[in-house]
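Participant: Whenever a hint applies, use it, and build me the whole structure from the sequences.
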Amino acid sequence: MNVQEVVGESISSLQGVLGDDWGKVSSFAEKQMKMLATQAAWIAESRTLGSLRNDDELFEFFTAQLERMTLNFVRSLAALTLLTVEEAWNAIVGVVWKHVNLALGAAGLGQLPVPEAPGV
Amino acid sequence: MAATSLPAGRFGNGRELWAALQGLLVALLLALSMGGCAIRLVPAYDPALVTTLDDLNVRTLSLFGALDGGSGAASFAQYESQYAGLIGGFEALVMRAEARPVPQLAAKLAKLRVVAELCGTDDAAACVNTSPAAMTEIVTTLERMRDVHRAGGLPDELRQGFKGGYQISIHQAMTVETALSR
Numbered sequence: 002m003n004v005q006e007v008v009g010e011s012i013s014s015l016q017g018v019l020g021d022d023w024g025k026v027s028s029f030a031e032k033q034m035k036m037l038a039t040q041a042a043w044i045a046e047s048r049t050l051g052s053l054r055n056d057d058e059l060f061e062f063f064t065a066q067l068e069r070m071t072l073n074f075v076r077s078l079a080a081l082t083l084l085t086v087e088e089a090w091n092a093i094v095g096v097v098w099k100h101v102n103l104a105l106g107a108a109g110l111g112q113l114p115v116p117e118a119p120g121v
Numbered sequence: 125m126a127a128t129s130l131p132a133g134r135f136g137n138g139r140e141l142w143a144a145l146q147g148l149l150v151a152l153l154l155a156l157s158m159g160g161c162a163i164r165l166v167p168a169y170d171p172a173l174v175t176t177l178d179d180l181n182v183r184t185l186s187l188f189g190a191l192d193g194g195s196g197a198a199s200f201a202q203y204e205s206q207y208a209g210l211i212g213g214f215e216a217l218v219m220r221a222e223a224r225p226v227p228q229l230a231a232k233l234a235k236l237r238v239v240a241e242l243c244g245t246d247d248a249a250a251c252v253n254t255s256p257a258a259m260t261e262i263v264t265t266l267e268r269m270r271d272v273h274r275a276g277g278l279p280d281e282l283r284q285g286f287k288g289g290y291q292i293s294i295h296q297a298m299t300v301e302t303a304l305s306r
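Chains Y and E, in that order, are what the protein sequence lines are. Numbered according to my numbering, the first sequence spans residues 2 to 121. Numbered according to my numbering, the second sequence spans residues 125 to 306.
Think of the hints as simulated: they come from the structure by calculation, not from any bench. The beta-carbon is built from N, C-alpha and C at its ideal position, and this holds for glycine as well. Check the hints yourself; a few may be wrong.
Stated by the list, open to error - Here's a subset of chain E near chain Y, in silico, CB distances under 8 Å, partners left out: (1) Ala250; (2) Ala258; (3) Gly285.
Facilitator: Here you go:
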């Protein structure tokens, strides 16, 4: 098994996954932060000049909701990051096992399936 | 309020959030010393859920469009079944998304301090299966908008506020669910 070839292919595979996935994660984050800020600005303006000025209960509804949505944004980012890690990890594992099986095949031995982590 | 700062929560700005995510990445990669095993960290993709979510989104945006300019309490009756259909539709999706299993490996990783701090909980389901919370928020938004509309009419200004909240949550749900297709 040519280690340099395995490393090179792993890095290309990883760059592909990280490039695509991280681009999606960062553009998601950017859009969310913009929308959350816009919503916060709307709440502030409505409280000062509009419908929320004399409606404490509805003002409380929107502010509490904004807090929950912000927490869920962070959790969504964590989930997308976990997905990126999963794809990156499996991409490397796929490359490594492909080369292991090439070496086994060259030695006249049977192929091995990619093992899954216990409890998956 | 500065556009780059988060309006509420534990991260004062985008820079702090990115630092936390980098910490998460490093901790996860260190924790994943599983040798050459394939892993699953997030729930499985559900194409039927995505299709239904898409459909409900179109119908919800259509409702917001129909209410553009505001709507009086006297007009509520013509929208009542639309509200009911959308609220019921999203509630059904919440149940569907909550029912899917969280990978056991994810449950273990959720106990890591850096993950628990980022998510504000060590409950793996809340941290990894985030769409139920986003869709529950949508149900809350639509129910409140319905109640306001029915009670005294829906001014256009409030319609905009409800729509803003809706768009944040639907964007979260659609992005995560679509990403699960890997």
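Participant: So, for every hint listed, does it hold in this structure?
Facilitator: Evaluation of the provided hints:
{"no.": "1", "hint": "Ala250", "result": "holds (7 Å)"}
{"no.": "2", "hint": "Ala258", "result": "holds (6 Å)"}
{"no.": "3", "hint": "Gly285", "result": "holds (6 Å)"}
In summary, this structure violates none of the numbered hints.
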